[in-house]
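S.K.: Below, each chain spelled out in residue letters.
There are 4 protein chains.
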Amino acid sequence: MTSLQAFFNSPGFSKPFEFIIALAIITSVIAFAVGTLPSPDETTLWILNLSEHVFVSVFTLEYLIRLIRAEKKTQYIFSFYGVIDLLAILPYYLVMLFGLQPLRLLSLFRLVRILKLTRYLTAMRRFYLALADAWEELTLFFAASMVMIFLAAVGIYHFEHEAQPEVYRSLFDALWWAIVTLTTVGYGDMVPITHAGRLFTFGVLLTGLGLIAVPTAIIAASLHTVRERLAEETKNDDYNV
Amino acid sequence: MTSLQAFFNSPGFSKPFEFIIALAIITSVIAFAVGTLPSPDETTLWILNLSEHVFVSVFTLEYLIRLIRAEKKTQYIFSFYGVIDLLAILPYYLVMLFGLQPLRLLSLFRLVRILKLTRYLTAMRRFYLALADAWEELTLFFAASMVMIFLAAVGIYHFEHEAQPEVYRSLFDALWWAIVTLTTVGYGDMVPITHAGRLFTFGVLLTGLGLIAVPTAIIAASLHTVRERLAEETKNDDYNV
Amino acid sequence: MTSLQAFFNSPGFSKPFEFIIALAIITSVIAFAVGTLPSPDETTLWILNLSEHVFVSVFTLEYLIRLIRAEKKTQYIFSFYGVIDLLAILPYYLVMLFGLQPLRLLSLFRLVRILKLTRYLTAMRRFYLALADAWEELTLFFAASMVMIFLAAVGIYHFEHEAQPEVYRSLFDALWWAIVTLTTVGYGDMVPITHAGRLFTFGVLLTGLGLIAVPTAIIAASLHTVRERLAEETKNDDYNV
Amino acid sequence: MTSLQAFFNSPGFSKPFEFIIALAIITSVIAFAVGTLPSPDETTLWILNLSEHVFVSVFTLEYLIRLIRAEKKTQYIFSFYGVIDLLAILPYYLVMLFGLQPLRLLSLFRLVRILKLTRYLTAMRRFYLALADAWEELTLFFAASMVMIFLAAVGIYHFEHEAQPEVYRSLFDALWWAIVTLTTVGYGDMVPITHAGRLFTFGVLLTGLGLIAVPTAIIAASLHTVRERLAEETKNDDYNV
Numbered sequence: 010m011t012s013l014q015a016f017f018n019s020p021g022f023s024k025p026f027e028f029i030i031a032l033a034i035i036t037s038v039i040a041f042a043v044g045t046l047p048s049p050d051e052t053t054l055w056i057l058n059l060s061e062h063v064f065v066s067v068f069t070l071e072y073l074i075r076l077i078r079a080e081k082k083t084q085y086i087f088s089f090y091g092v093i094d095l096l097a098i099l100p101y102y103l104v105m106l107f108g109l110q111p112l113r114l115l116s117l118f119r120l121v122r123i124l125k126l127t128r129y130l131t132a133m134r135r136f137y138l139a140l141a142d143a144w145e146e147l148t149l150f151f152a153a154s155m156v157m158i159f160l161a162a163v164g165i166y167h168f169e170h171e172a173q174p175e176v177y178r179s180l181f182d183a184l185w186w187a188i189v190t191l192t193t194v195g196y197g198d199m200v201p202i203t204h205a206g207r208l209f210t211f212g213v214l215l216t217g218l219g220l221i222a223v224p225t226a227i228i229a230a231s232l233h234t235v236r237e238r239l240a241e242e243t244k245n246d247d248y249n250v
Numbered sequence: 010m011t012s013l014q015a016f017f018n019s020p021g022f023s024k025p026f027e028f029i030i031a032l033a034i035i036t037s038v039i040a041f042a043v044g045t046l047p048s049p050d051e052t053t054l055w056i057l058n059l060s061e062h063v064f065v066s067v068f069t070l071e072y073l074i075r076l077i078r079a080e081k082k083t084q085y086i087f088s089f090y091g092v093i094d095l096l097a098i099l100p101y102y103l104v105m106l107f108g109l110q111p112l113r114l115l116s117l118f119r120l121v122r123i124l125k126l127t128r129y130l131t132a133m134r135r136f137y138l139a140l141a142d143a144w145e146e147l148t149l150f151f152a153a154s155m156v157m158i159f160l161a162a163v164g165i166y167h168f169e170h171e172a173q174p175e176v177y178r179s180l181f182d183a184l185w186w187a188i189v190t191l192t193t194v195g196y197g198d199m200v201p202i203t204h205a206g207r208l209f210t211f212g213v214l215l216t217g218l219g220l221i222a223v224p225t226a227i228i229a230a231s232l233h234t235v236r237e238r239l240a241e242e243t244k245n246d247d248y249n250v
Numbered sequence: 010m011t012s013l014q015a016f017f018n019s020p021g022f023s024k025p026f027e028f029i030i031a032l033a034i035i036t037s038v039i040a041f042a043v044g045t046l047p048s049p050d051e052t053t054l055w056i057l058n059l060s061e062h063v064f065v066s067v068f069t070l071e072y073l074i075r076l077i078r079a080e081k082k083t084q085y086i087f088s089f090y091g092v093i094d095l096l097a098i099l100p101y102y103l104v105m106l107f108g109l110q111p112l113r114l115l116s117l118f119r120l121v122r123i124l125k126l127t128r129y130l131t132a133m134r135r136f137y138l139a140l141a142d143a144w145e146e147l148t149l150f151f152a153a154s155m156v157m158i159f160l161a162a163v164g165i166y167h168f169e170h171e172a173q174p175e176v177y178r179s180l181f182d183a184l185w186w187a188i189v190t191l192t193t194v195g196y197g198d199m200v201p202i203t204h205a206g207r208l209f210t211f212g213v214l215l216t217g218l219g220l221i222a223v224p225t226a227i228i229a230a231s232l233h234t235v236r237e238r239l240a241e242e243t244k245n246d247d248y249n250v
Numbered sequence: 010m011t012s013l014q015a016f017f018n019s020p021g022f023s024k025p026f027e028f029i030i031a032l033a034i035i036t037s038v039i040a041f042a043v044g045t046l047p048s049p050d051e052t053t054l055w056i057l058n059l060s061e062h063v064f065v066s067v068f069t070l071e072y073l074i075r076l077i078r079a080e081k082k083t084q085y086i087f088s089f090y091g092v093i094d095l096l097a098i099l100p101y102y103l104v105m106l107f108g109l110q111p112l113r114l115l116s117l118f119r120l121v122r123i124l125k126l127t128r129y130l131t132a133m134r135r136f137y138l139a140l141a142d143a144w145e146e147l148t149l150f151f152a153a154s155m156v157m158i159f160l161a162a163v164g165i166y167h168f169e170h171e172a173q174p175e176v177y178r179s180l181f182d183a184l185w186w187a188i189v190t191l192t193t194v195g196y197g198d199m200v201p202i203t204h205a206g207r208l209f210t211f212g213v214l215l216t217g218l219g220l221i222a223v224p225t226a227i228i229a230a231s232l233h234t235v236r237e238r239l240a241e242e243t244k245n246d247d248y249n250v
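Protein sequences, first through last, are from chains F, Y, C and G.
Under the numbering used here, think of the first position of the first sequence as 10, with each following residue one higher.
Under the numbering used here, think of the first position of the second sequence as 10, with each following residue one higher.
Under the numbering used here, think of the first position of the third sequence as 10, with each following residue one higher.
Under the numbering used here, think of the first position of the fourth sequence as 10, with each following residue one higher.
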């Protein structure tokens with residue numbers, strides 16, 4: 010199991026450091042969310058901002074240490090983790106200087122440090138293989154879904170526009186209805202009331218639900234098969250339970 | 010992989026032309042949608058219509074060129090792509106002459122030019138095989154779903170009609186409720202309020218959700234198997250990753 | 010394929026007769042539905058009732074013919090199709106005599122005549138085998154779902170009762186909310202508004218959706234496997250496409 | 010089939026006793042639910058409470074008998090079922106003494122007595138194996154879902170905050186919307202109304218639904234495979250239907 014080995018052999022910083030990264034991400038995210046409140050609690054905001062100052066200081070220090078410890082400076086700076094680490098602290102200084110709050114979200118990139126991409130690289134490769142494996146079906150179903158949603162919108166506009174001119178104002182509203190209905194979200198902001206419109210909705214749901222649900226099921230099935238095949242090759246005797 | 014070969018060997022027009030077709034379809038669709046707006050922006054409409062004029066001119070020219078280049082004229086006219094190409098431009102002239110806006114949607118047929126049906130023919134054949142493979146289960150589950158929806162409607166009408174005579178007016182309203190609920194769309198325009206009605210809904214959801222979700226899952230599983238079997242036959246050594 | 014043979018060899022009445030049965034069922038169902046309308050159209054109702062009279066006459070005649078043609082009378086009466094045929098006409102006379110409208114729904118039993126149960130017997134057996142195969146998982150997930158729904162209700166009642174005493178009046182209302190939410194129907198008649206309630210809902214959805222969706226997927230997978238296994242045994246060379 | 014043997018060989022109390030446990034759990038649960046009603050029916054409550062008194066007396070008696078019959082007292086008290094049995098009666102006395110109603114829910118632990126955990130131990134082990142088998146994919150998809158929900162919230166807050174300041178008040182409200190939408194619950198309490206917001210929602214649904222639905226499908230597929238593998242080992246000849 011090369012991924013597990015990679016995990017245990019990952020150089021330098023360990024579990025507690027990952028915990029600090031997680032804390033920092035959560036703090037940054039919460040600070041961003043609290044900042045959007047109409048009247049945020051001043052104390053909470055103060056604490057969150059202070060924590061962020063601390064975290065960014067730690068990360069800046071970490072970045073500098075890594076840079077110094079690295080034999081080839083430029084190689085680290087442009088390496089995958091080097092870019093990630095920079096992306097996680099640079100925005101903070103940009104926010105301080107120019108006040109671009111949304112840039113804070115770049116701290117989400119730090120997630121890859123916790124997830125230890127090397128570990129999940131195999132899982133991602135499997136996902137990529139599954140996508141490639143099912144690509145033709147996915148394209149076909151995607152195109153069919155788009156056409157389905159469009160035709161559903163045209164149909165419901167035809168049936169409901171006269172009965173509810175304020176609700177189904179144009180084809181754009183009808184498209185919104187089609188999307189919300191065929192994904193089974195069903196907000197209820199636009200509901201057919203005519204008998205023809207309801208019968209049409211019934212037909213659309215009957216054929217459309219399948220169209221939209223099948224791709225997900227196919228990806229899952231492909232992913233499962235790819236995983237099994239790869240597993241058979243590497244760990245042939247792991248299931249003798 | 011015959012489908013890929015067919016793709017690269019497809020005669021005549023190439024990638025940039027497909028891009029123009031895509032643009033033309035999107036323009037036509039947007040022009041149709043904008044046309045349904047209560048008070049569409051005149052300039053936008055003018056630009057969209059102009060673009061459509063240009064696109065149809067291009068496609069008419071293309072059709073004529075294809076017709077001239079074809080050795081057997083009638084064979085091209087009645088060939089699959091010949092009919093598609095005609096269907097994509099003919100409606101435009103009909104719209105201009107008789108003002109039948111919805112005919113514009115026939116331009117959607119052009120999608121098959123982009124999707125290069127020859128390429129997806131195998132994917133479609135697999136889908137057909139999967140459907141044929143699971144046909145008996147699908148028919149059975151479809152019949153069971155219909156009966157389920159009908160009985161759910163009768164039940165909820167029985168339980169809710171007295172409590173909400175304005176909402177559950179007749180069995181037709183109850184049928185609408187049954188469809189919206191069992192597909193988990195749940196608009197919220199009709200909601201049981203009696204204890205008996207809610208308990209009944211609980212039972213219906215418990216048994217009904219499975220009934221309606223199983224066919225999709227079966228198609229996906231069948232499609233997956235058919236794809237694997239066909240793949241094993243043609244590209245036996247494609248997964249040695 | 011014994012089921013197909015059974016279908017083509019089924020004694021007596023053929024395709025056109027099945028069509029009449031379908032028409033009769035639909036008429037009966039529509040007549041029942043129209044009868045629940047607040048002010049049904051008199052003419053429509055009259056036509057529907059007349060059609061039903063005709064259909065029941067035909068079926069009564071058919072029943073008598075079958076009874077006369079049968080060598081062993083009592084054996085036919087108590088045979089599967091004999092009971093079905095009687096159930097489809099008997100209620101009609103009961104409705105005429107005692108006015109029990111819902112009994113009309115028994116005409117739905119006639120569906121089995123169209124579906125030609127002999128043909129779908131294998132499909133049903135497969136379904137039964139799949140259910141038996143996945144029985145332990147289903148029981149476990151069902152029990153877990155019930156507990157999940159109950160705990161979700163207790164939790165949301167705890168969090169939302171004070172904030173919305175008129176909406177989350179008692180645990181029964183909270184149970185209704187839990188069912189509607191965890192099946193993703195989401196009517197919107199009861200919506201958490203407190204931060205704690207929403208966070209709780211988030212957690213419940215994260216763990217609950219899987220609990221409720223997994224059984225359906227398992228049945229589908231089992232059904233698929235059972236079908237494949239049975240197919241391998243009987244028609245080993247059906248997929249050489 | 011060792012689990013079935015374990016079931017029939019389970020020492021002491023049998024089927025009727027399980028029925029009593031089921032009754033007791035249901036009574037306790039209903040009593041708890043009825044107790045939350047604004048103005049519960051006094052008689053019902055009295056009957057429910059009386060039944061609970063009886064059931065708890067029976068269970069206390071049962072506990073004492075088991076304790077006396079057990080050769081090693083302390084071993085039984087700290088055994089799995091010993092703790093379960095105590096948890097099912099102890100809360101009752103605590104409720105009587107201190108009035109902590111929610112403690113009643115601990116009676117749910119008695120469910121394990123009915124489910125006879127020994128019997129479902131294999132099913133649970135399979136579930137555990139399936140989870141372990143699909144662990145990397147699940148972690149990856151979970152992390153991706155969390156990021157997806159967060160980014161969807163940031164996006165919709167950006168697009169809808171100005172148009173509906175009272176609905177999308179802060180990022181916390183937007184997060185609630187993202188969760189309710191991406192799980193397809195769709196209460197309808199928060200609905201995008203701007204064109205940009207709706208287009209964004211469309212994109213989010215297209216990519217997000219898959220992200221959230223795939224893990225469930227993977228668990229189901231894994232569970233199915235694990236079950237098949239284990240079945241092949243133990244009951245190689247169970248499917249010769």
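Quick caveat, the hints were computed from the structure, so don't treat them as lab data.
Glycine included, C-beta positions come from ideal geometry on N, C-alpha and C.
There could be a bad hint or two in this list.
[What the hints assert, rightly or not] If you want the footprint, here are the derived chain Y segments under chain C, 3+ residues with CB under 8 Å:
{"no.": "1", "stretch": "85 to 96"}
{"no.": "2", "stretch": "144 to 150"}
{"no.": "3", "stretch": "172 to 181"}
{"no.": "4", "stretch": "209 to 216"}
[To be verified] One-sided and incomplete, this derived list gives chain F residues near chain G with beta-carbon spacing under 8 Å:
{"no.": "5", "residue": "41"}
{"no.": "6", "residue": "42"}
{"no.": "7", "residue": "46"}
{"no.": "8", "residue": "132"}
{"no.": "9", "residue": "133"}
{"no.": "10", "residue": "193"}
{"no.": "11", "residue": "197"}
{"no.": "12", "residue": "198"}
{"no.": "13", "residue": "211"}
{"no.": "14", "residue": "212"}
{"no.": "15", "residue": "216"}
{"no.": "16", "residue": "225"}
{"no.": "17", "residue": "226"}
{"no.": "18", "residue": "233"}
S.K.: Compare the structure with each hint and give your call.
M.R.: Now for the hints, and whether the structure bears them out:
no. : hint       : in the structure
1   : 85 to 96   : violated (count 0)
2   : 144 to 150 : holds (count 4)
3   : 172 to 181 : holds (count 4)
4   : 209 to 216 : holds (count 3)
5   : 41         : 7 Å, holds
6   : 42         : 4 Å, holds
7   : 46         : 4 Å, holds
8   : 132        : 4 Å, holds
9   : 133        : 7 Å, holds
10  : 193        : 5 Å, holds
11  : 197        : 4 Å, holds
12  : 198        : 5 Å, holds
13  : 211        : 19 Å, violated
14  : 212        : 20 Å, violated
15  : 216        : 18 Å, violated
16  : 225        : 5 Å, holds
17  : 226        : 6 Å, holds
18  : 233        : 4 Å, holds
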